[in-house]
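Going down the list, the sequences are from chains Z and G. Residue numbering for the first sequence follows my numbering, beginning at -4 and increasing consecutively. Residue numbering for the second sequence follows my numbering, beginning at 688 and increasing consecutively.
Since the hints were derived computationally from the structure, they do not count as laboratory data. For clarity, every value in this text was computed on a predicted model and none was experimentally measured. One or more hints might be untrue.
Stated by the list, open to error - With a cut-off of at most 27 Å between alpha-carbon atoms, the simulated DSSO-like pairs for lysine-lysine come out as follows:
hint: 1; chain 1: Z; residue 1: K48; chain 2: G; residue 2: K755
hint: 2; chain 1: G; residue 1: K745; chain 2: G; residue 2: K826
hint: 3; chain 1: G; residue 1: K811; chain 2: Z; residue 2: K48
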Amino acid sequence: MIRVLFFGQLKEQLECAALDLDAQSIATPSTLGTLLNYLQHAYPQWRDQLQDKSILGAINQTLVSSEHRLIDGDEVAFFPPVTGG
Amino acid sequence: MISVQFQDFDFGHEYQQLAANNSKDGAVVCFVGLVRDYNQAHSVTGLHLEHYPGMTHKALEDIVAEAKTRWSLGRVRIIHRVGDLGISDQIVFVGVTSRHREAAFAANQFIMDYLKNFAPFWKKELTVDGPRWVEAQTKDHAALSRWQSAEVAINQAKKSSNNEIVT
């Protein structure tokens, strides 16, 4: 199982805060980038938002690039550029 | 110490905590960020701050750890508020102590610059025209370059010293 979280404006646009995916359903070898592609196909209504190049991704609470490998049990998060401080 | 919290903080108390029983450090630099009434061409009436609870603390810890590799620091304190805030409310506190002022000034600014770019907080402003998500600003991203160029300089210095050792 891979848990996927969304935050900020992206969460509002997708109307989804979290979803659980069967790790088998994503292409192998799976990376953050292939997961993003998978989501665009599985949820076509999200395609425009998920194609936004400014979206950041984290695996297990650490920012990573789209090439970063995913393994079963990971927590993945997608969110817009941060605006704290 | 790092806190992410709904409640306000007391600047005087935080300063005292940094300065008390700390005779080796001669410098304390504190920064406080406040909610402005005007931002990105909108009149702001309030703010909602969202964060990624599982990641926020870790991201801030990583930033402090990185700052400590660059400067010799005494104490570091970060408080970042979340939830609903009003105009002029305190949002963030960063306090740094060091033996001399240069490290405390630089590390404080470094922590704020990195927090602005890497800590998972998102601001949603309440404006007279309705709510809007604050857009990330290129100037915050550009602010990183001053630290990255320092990093490049350090790495180059390391390389040249390594070369000297090899030769």
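Status of the hints after comparison with the structure:
1. Using a Cα cut-off of 27 Å, the hinted pair K48 of chain Z and K755 of chain G is violated, with the two alpha carbons roughly 32 Å apart.
2. For the hint linking K745 of chain G to K826 of chain G, the alpha-carbon distance of about 24 Å falls within 27 Å, and the restraint holds.
3. As the CA atoms of K811 of chain G and K48 of chain Z are separated by approximately 21 Å, the hinted pair is consistent with the 27 Å bound.
Violated hint for the displayed structure: number 1, the only one.
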